[in-house]
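All chains should be built: construct the whole structure from the sequences, respecting the hints.
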Amino acid sequence: MPRRPNSSRQTRALLASFLDHSGTWRHGYDLSKETGLRSGTLYPLLMRLSEQGLLEARWQEAERPGLPPRHAYRLTAAGLVLAREQALEAITAERAGVLA
Amino acid sequence: MTSATRARLLAVMLARHAARAMPGAGSPWAEAMRREIDHIADDAEAVRWALGCVLASYRARLLQRPTVSARTAWRQIAASGALMLVIGLALLDNAGGQTPPPKPAFDEKPAFDETACDLAPPPAVCRLPCADRLPVERQIAPDDPNRDAPCSSKSKMP
Numbered sequence: 001m002p003r004r005p006n007s008s009r010q011t012r013a014l015l016a017s018f019l020d021h022s023g024t025w026r027h028g029y030d031l032s033k034e035t036g037l038r039s040g041t042l043y044p045l046l047m048r049l050s051e052q053g054l055l056e057a058r059w060q061e062a063e064r065p066g067l068p069p070r071h072a073y074r075l076t077a078a079g080l081v082l083a084r085e086q087a088l089e090a091i092t093a094e095r096a097g098v099l100a
Numbered sequence: 101m102t103s104a105t106r107a108r109l110l111a112v113m114l115a116r117h118a119a120r121a122m123p124g125a126g127s128p129w130a131e132a133m134r135r136e137i138d139h140i141a142d143d144a145e146a147v148r149w150a151l152g153c154v155l156a157s158y159r160a161r162l163l164q165r166p167t168v169s170a171r172t173a174w175r176q177i178a179a180s181g182a183l184m185l186v187i188g189l190a191l192l193d194n195a196g197g198q199t200p201p202p203k204p205a206f207d208e209k210p211a212f213d214e215t216a217c218d219l220a221p222p223p224a225v226c227r228l229p230c231a232d233r234l235p236v237e238r239q240i241a242p243d244d245p246n247r248d249a250p251c252s253s254k255s256k257m258p
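Protein chains in written order, with my numbering: chain A, 1 to 100; chain D, 101 to 258.
Don't read these hints as lab results, they were simulated from the structure.
Keep in mind that this is a model prediction, so the values were computed, not measured.
Built from N, CA and C at the ideal position, the CB exists for glycine as well.
Treat the hints with caution; some may be incorrect.
Claimed, not checked - For each label pair, taking beta carbons as the anchor points, the in silico distance ranges come out as: (1) A/Ala90 <-> D/Pro128: 29 to 39 angstroms; (2) A/Glu34 <-> D/Leu110: 23 to 33 angstroms; (3) D/Ser169 <-> A/Ala87: 12 to 22 angstroms; (4) A/Gln60 <-> D/Trp174: 28 to 38 angstroms; (5) A/Ala87 <-> D/Thr172: 42 to 52 angstroms; (6) A/Leu88 <-> D/Pro128: 50 to 60 angstroms; (7) D/Trp174 <-> A/Glu94: 22 to 32 angstroms; (8) D/Leu183 <-> A/Ser8: 35 to 45 angstroms; (9) D/Arg161 <-> A/Glu94: 34 to 44 angstroms; (10) A/Ala16 <-> D/His117: 47 to 57 angstroms; (11) D/Arg120 <-> A/Leu88: 39 to 49 angstroms; (12) D/Leu183 <-> A/Ala93: 20 to 30 angstroms.
As the list claims (entries may be wrong) - If you want the ones that stay clear, here's a sample from chain D, every Cβ over 10 angstroms from chain A, calculated: (13) Thr102; (14) Thr105; (15) Arg120; (16) Ala132; (17) Met133; (18) His139; (19) Ile140; (20) Gly152; (21) Ala156; (22) Ala160; (23) Trp174; (24) Leu191; (25) Asn194.
So this is what it looks like as structure tokens:
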């Protein structure tokens, strides 16, 4: 049976992290610290979500002077829908596991 | 140069390499990975981050390789098989005859001569014909004058 797209543990963790701060622009290093994903895993995921139209990216001026602008990311409307669906599925599965 | 500075330098170099290795170098993603290094305060963490970026670039590069259709793949397999068959048949034709042993060089003494025997000649034996008994083999000394005489003319030995 083929696996559903964007259903890997890493992708779900990333989407959950975005959902927790929905509407906020996030940076790669912060996302890595929060999700525990290394850059080698994180960036391919970000690129894939962006290609699928689930994520938008933009350059943001650094908070501290002298530092280069950073790439920032946040979920699009479609990305938010997917993140909410996955969060709901996770809660349902957790409840089913508790009841079983 | 302190080890912290060296680590930072290494991280920057790795991040630059990752940005170059990324397909479509100069793309926002390559730049994003490279610039994020400057926002990581810890040097060791920056090196780990840069290594991950290199890995991500290589992965992206591998995924960007042109895909081969099933038809093309089958064609290549068939062509390879036909080529191997032709090579095999050619080798079979050439390997049909016996290969002669290598000839020694002109002034080289052969390791051994198959036609000559370097063992001592076997001692001459005389078989005495006895009608009612089994033949008895007797050894004859090399200086015996009757050595080459027929057995019937020899004196009976004790």
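Hints and how they fare:
no.	hint	result
1	A/Ala90 <-> D/Pro128: 29 to 39 angstroms	holds, 31 angstroms
2	A/Glu34 <-> D/Leu110: 23 to 33 angstroms	holds, 26 angstroms
3	D/Ser169 <-> A/Ala87: 12 to 22 angstroms	violated, 39 angstroms
4	A/Gln60 <-> D/Trp174: 28 to 38 angstroms	violated, 50 angstroms
5	A/Ala87 <-> D/Thr172: 42 to 52 angstroms	holds, 43 angstroms
6	A/Leu88 <-> D/Pro128: 50 to 60 angstroms	violated, 32 angstroms
7	D/Trp174 <-> A/Glu94: 22 to 32 angstroms	violated, 48 angstroms
8	D/Leu183 <-> A/Ser8: 35 to 45 angstroms	holds, 42 angstroms
9	D/Arg161 <-> A/Glu94: 34 to 44 angstroms	holds, 38 angstroms
10	A/Ala16 <-> D/His117: 47 to 57 angstroms	violated, 32 angstroms
11	D/Arg120 <-> A/Leu88: 39 to 49 angstroms	holds, 42 angstroms
12	D/Leu183 <-> A/Ala93: 20 to 30 angstroms	violated, 54 angstroms
13	Thr102	holds, 21 angstroms
14	Thr105	holds, 17 angstroms
15	Arg120	holds, 15 angstroms
16	Ala132	violated, 3 angstroms
17	Met133	violated, 6 angstroms
18	His139	violated, 6 angstroms
19	Ile140	violated, 6 angstroms
20	Gly152	violated, 3 angstroms
21	Ala156	violated, 4 angstroms
22	Ala160	violated, 7 angstroms
23	Trp174	holds, 24 angstroms
24	Leu191	holds, 46 angstroms
25	Asn194	holds, 51 angstroms
Checked against the numbered hints given earlier, the structure breaks hints 3, 4, 6, 7, 10, 12, 16, 17, 18, 19, 20, 21, 22 and satisfies all the rest.
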